[in-house]
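Engineer: With the hints as your guide, set chains H and B onto chain Z.
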Amino acid sequence: MNTQNLSYVRSDMLNAQPAPISTRTVSGWVRTNLLATPKDTVLTLLAVVLLIWALPGILDWLFFNAVWSGSDRSACTTVAQGGIQPEGWKGACWAFVGDRFQQFMFGRYPLDERWRPMLVAALFVVLLVPLLVPKLPRKGLTALLFFVVFPVVAFFLLHGGVLGLEEVETPLWGGLMVTLILSFVGIAVSLPVGILLALGRRSKMPVIRMLCVGFIEIIRGVPLISVLFMANVMLPLFLPTGWTIDNFLRALVGVAIFASAYMAEVIRGGLQAIPKGQTEGSESLGLSYWQTMRLVILPQAIKLVIPGIVNTFIGLFKDTSLVSIIGMFDLLGIVRLNFTDTTWITPVTPITGLIFAGFIFWLFCFGMSRYSAFMERHLDTSHKR
Amino acid sequence: MKKTLLSAAIGAAVLGFASAASAATLDNVKAKGFVQCGVNTGLAGFAAPDSAGNWTGFDVDYCKAVAAAVFGDASKVKYTPTTAQSRFTALQSGEVDLLARNTTWTISRDTSLGLNFRYVNYYDGQGFMIPKSLNVKSALELSGAAVCVQSGTTTELNLADYFKSNNLQYNPVVFEKLEEVNAAYQAGRCDVYTTDQSGLYSLRLSLSNPDDHIILPEIISKEPLGPAVRQGDDQWFDIVTWAGYAMVQAEDFGITQKNLEEMKNSTNPDIRRFLGVEKDTKIGTDLGLTNEWAYNIIKNVGNYGEVFERNIGANTPLKIQRGLNALWSKGGLQYAPPVR
Amino acid sequence: MTDHAVIASTEARTLRSYAYDPKFRGIFYQVLTLLIVLVVGWWIFDNTTENLARSGTASGYGFLRGRAGFDIGQSLIAYTSDSTYGRAIVVGFLNTMLVAILGIFTATVVGFIIGLGRLSRNWLIAKLCTLYVEIFRNIPVLLIIFFWYKGVLDSLPQVRDSIALPFNIFLNNRGLAFPNPIWGEGAWLIPVAFLVGVVATIVVARWARQRQAATGKQFHTIWTGTGLIIGLPILAFLIMGAPLTFDSPIAGRFNMTGGARILPEFVALYVALSLYTASFIAEVIRAGIRGVAKGQSEAAFALGLQPSHTTRLVVVPQAMRIIIPPLTSQYLNLTKNSSLGVAIGFPELFSTTSTTLNQTGQAVEAISIMLTVYLAISIATSIFMNWFNAKMALVER
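Protein chains in written order, with my numbering: chain Z, 1 to 385; chain H, 1 to 340; chain B, 1 to 397.
Do not rely on the hints blindly, as some may be mistaken.
Claimed, not checked - Now the in silico label distances, taken between C-beta atoms and shown as ranges:
#: 1; chain 1: Z; residue 1: 275; chain 2: B; residue 2: 34; range: 47 to 55 Å
#: 2; chain 1: Z; residue 1: 209; chain 2: B; residue 2: 181; range: 51 to 59 Å
#: 3; chain 1: B; residue 1: 112; chain 2: Z; residue 2: 57; range: 22 to 30 Å
#: 4; chain 1: Z; residue 1: 269; chain 2: H; residue 2: 168; range: 38 to 46 Å
#: 5; chain 1: Z; residue 1: 60; chain 2: B; residue 2: 112; range: 51 to 59 Å
#: 6; chain 1: B; residue 1: 62; chain 2: Z; residue 2: 72; range: 34 to 42 Å
#: 7; chain 1: B; residue 1: 181; chain 2: H; residue 2: 168; range: 48 to 56 Å
#: 8; chain 1: Z; residue 1: 163; chain 2: H; residue 2: 210; range: 55 to 63 Å
#: 9; chain 1: H; residue 1: 75; chain 2: B; residue 2: 49; range: 50 to 58 Å
#: 10; chain 1: Z; residue 1: 124; chain 2: B; residue 2: 112; range: 56 to 64 Å
To be verified - No more than 27 Å apart at the CA atoms, straight line, and that leaves these computed lysine-lysine pairs for BS3-like:
#: 11; chain 1: H; residue 1: 258; chain 2: H; residue 2: 319
#: 12; chain 1: Z; residue 1: 276; chain 2: B; residue 2: 127
#: 13; chain 1: H; residue 1: 279; chain 2: H; residue 2: 299
#: 14; chain 1: B; residue 1: 127; chain 2: Z; residue 2: 39
#: 15; chain 1: Z; residue 1: 39; chain 2: B; residue 2: 294
#: 16; chain 1: B; residue 1: 127; chain 2: Z; residue 2: 204
What the hints contain is simulated information worked out from the structure, not anything from laboratory work.
Backbone N, C-alpha and C fix where the C-beta goes; we use that ideal spot for every residue, glycine too.
Only chain Z is shown next, with the shape it has when bound in the complex (with noise of 0.2 Å):
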């Protein structure tokens, strides 16, 4: 039988045709994403009416209206209360920002020596990146040097008081770099801690299981400011008379406790995932539990709950606001402490410092959650079909 003779069977393929015109333009996008059924119609012109009662006023107030020099409170008040603009304004205060930028990023650091938690910040970065591209070689050296070199080496740096360099004493830290140091060892001593915790979790000895998992719910039942200020006020009566803890290391203390809690939670989940033939397997070949949990369990388990770490690490970085209750001057303390500063006291002002501070920590999470997807998505060996 000879199959050219059939006539039903193609034998040149047709040229692809262009998409229905009702999906191609934009009124056939418009018609399908916006308008597809009658509550949709409804719902989107809603929210259209949303926008337009909105956005100009938000916009105005952010940008158009808003103030972007100045020297003092004058620039940001009207007439009546003193200033110079004009009788009902309403704007952002980006002037006292400006003003206030040094401040917000290093708190009182003496002016002399802020070279120094620069160059920590670049340290910083120039560790950083080459562990956050999953292309560049070397992670495990890089890694020593970010998690064990760099944190002593930014120490000294910035406490200073060696090497000819002045003494800077932790009161006069503050602003953003307090919120990246507490958020910093936070992460760094709870990914371990947490592990150590999740692994006793789910341990065969029950001493070690119940201590864990008391310490644990204990952590997480309770919210992060009565740790912060248990580890504040509390901790010196634990102590000998006459030890002393810089309240800067207490915070940190407070911070870091509370995020391995939530860590061993985080990590937990991932060990129930693993299937317990994995365990066995491994134990048939000999492996040691520490072998086994190192080479085995724990590279599978922690792949499988990245999300779930990178939000606790999101959530750390954004409870490190809460140091500003205890007194301390981390972004939002900082930023607080200017709302009764008569150089720049206006109606303003508090709105506008708050917004500053929510926008760099919105740049921070928001960074941190990008990069997790892109973890997840890069990390992601499972067979796609």
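Structural biologist: Relative to chain Z, chains H and B alone:
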């Protein structure tokens, strides 16, 4: 002893650093080389860090006086900023050696909190600040007002008692931090601001238009503010107390930072004893210090009047009159027991 | 090899094998850990008692019966400065619960709407909802609280220029003052009528379900129920001759006097917590609904169910199983975050406890009470949600 050793060993292992075991505060202070002083987190004129981080103020000078008495050097002080919440635990736990933080001396603090007060470096009283525009002349007209007050202070209690005993209504607006109270008053969240009068003068300065606000004449409470130490160490208590009395006594004698050297040659035996130039005097050594202790205080810090005028007096932005804090001989309450 | 050597080597092996015996090692590690924890615990306890004893601080919970002496701005129960410290802490606890319960309710509603909105096929709605989630999820809740507090304070007028709303409601930077209802004689019938309405609705609903199961006929339970629950109390109100008067707020010299008031601190905390938590709940809802296999809704459509029925009867019940556990932890987070009210002076549990701590100096006792209460709230919520979760769980047949 065994217990101390064990706890020290464990402590060192747990936290990775050793420390001095508990001993007499004076020895402790001498060993570490500085006085750890608990001060306010920031109250202009009393204790506040300048932009370079140097602490100045009326209470800060008290810390300096103690350091001068112990070391002959007023710079040997380290400051711990304390909040209304953390001040007492800071002292109880030994984190600070003394608390010079406008703290009111009350019987319950003296007894159940384990603090010791004796010397009062500032006689204060609680007052009210209100915007001029409200046209209020007396605190008795305040019925129905919203009152801003800091929580956890004697002020908060006095406020409740005052309004209750005068049958006045009010809405308390309470914050933990002074800055928040300040901000709320400025934003018009409340009509009246109440705290110690000295605090009101200090806070009025930080308002955008200080002249738009008046401080009402009523003083509704006694607020003797003074340095506090832990109970159970009489020697240290004596040193801290007498450092204060020495400054008052110096003003009484007319000894100032300027005429100090001349006064050393005074023929008045009281003054000679006070400055430690009399041969057989052992007032200083009995305190556990040198005989130049009072001399050192005046040389480094000045007498009470000088300290007052420098930090909060008529020539400072606070413009506080001596009032109750004048010497006893000038109608005030500042009176030092004899130094002999 | 002599017999001696053989015995010796077996003995040696048993000795060494102890070190490799997992059981023995397990016990050893546990005893060691326990010892360390006990010693450190004892060390802390010893230091604390020594510190407190040396400074002569009184201890014990007797202070709870002492007169508090301070006033509290907002209280659900009767409280004056003559009340005890214990009562002050209870006032704080009730305020915490008030914010938590209202916040949980609002956050769930808003979160549900935003979560569904993100899944909407309507491009504009989906984008707006995504914007909402991405903004609120990535900003510290404390900052949002301050934002609302400063926002509320700054944008509202001073008390002398209050915005007068209808029905004698006034809005200013001291809060929202509104007429306080005062119930007169015979008002007891109204809650009774309400209860009767609720019971009747339950009975009708049960009957309707049975009838539908038996005959397939549907009954409009919702309309009947609404009528009963709202109608009966109104009827009772009218029968008793409208026993209701209002105590309206009047502008006094300083403040609005009379009437009831909602404090701006409360509003700021409540709104901020609700909006913040809603962004997390929205994500939980979205994940839950997307977790239901597409085949489920396709099968429902194939059976001829309408989209609304598909959502209500097929998708949501299955999504609930995925949603409940993370939802619980969001509820707990909201409750714990309410402690941030202390930063803006709202008298919740943390705030009143810390004031008590300051007035009495009983740090250890006051903090232990606070921690215990928060733990109790957490544990109670967990137990309830576990029970609820078990009830909703898939019944395997």
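Engineer: Determine for every hint whether it applies to the structure shown.
Structural biologist: Each hint, compared with the structure:
1. Checked against the hint of 47 to 55 Å, the pair residue 275(Z) and residue 34(B) fails, with Cβ atoms roughly 32 Å apart.
2. At about 55 Å, the beta-carbon gap between residue 209(Z) and residue 181(B) stays in the expected band of 51 to 59 Å.
3. Between residue 112(B) and residue 57(Z), the C-beta spacing of about 28 Å keeps the proposed range 22 to 30 Å intact.
4. The given range of 38 to 46 Å is broken by residue 269(Z) and residue 168(H), whose C-beta atoms sit roughly 58 Å from each other.
5. Between residue 60(Z) and residue 112(B) the beta carbons are some 33 Å apart, a value that contradicts the proposed interval 51 to 59 Å.
6. Taking the beta carbon of each, residue 62(B) and residue 72(Z) are about 54 Å apart, not inside 34 to 42 Å as hinted.
7. Judged by the Cβ atoms, the range 48 to 56 Å given for residue 181(B) and residue 168(H) is violated: they are separated by roughly 27 Å.
8. Checked against the given bound of 55 to 63 Å, the beta carbons of residue 163(Z) and residue 210(H), roughly 47 Å apart, lie outside it.
9. Restraint check, residue 75(H) to residue 49(B): a C-beta distance of roughly 37 Å breaks the suggested window 50 to 58 Å.
10. Taking the beta carbon of each, residue 124(Z) and residue 112(B) are about 41 Å apart, not inside 56 to 64 Å as hinted.
11. At roughly 23 Å between alpha-carbon atoms, residue 258(H) and residue 319(H) fall within 27 Å of each other, so this suggested pair holds.
12. For a cut-off of 27 Å, the pair hint linking residue 276(Z) to residue 127(B) is broken: about 42 Å separates their Cα positions.
13. Using a Cα cut-off of 27 Å, the hinted pair residue 279(H) and residue 299(H) holds, with the two alpha carbons roughly 20 Å apart.
14. Between residue 127(B) and residue 39(Z) the alpha-carbon distance is near 17 Å, which keeps this suggested pair within the 27 Å criterion.
15. For the proposed pair residue 39(Z) and residue 294(B), the alpha carbon gap of about 23 Å is at most 27 Å, so the pair holds.
16. Under the criterion of a C-alpha separation no larger than 27 Å, the hint pairing residue 127(B) with residue 204(Z) is inconsistent with the structure, at around 48 Å.
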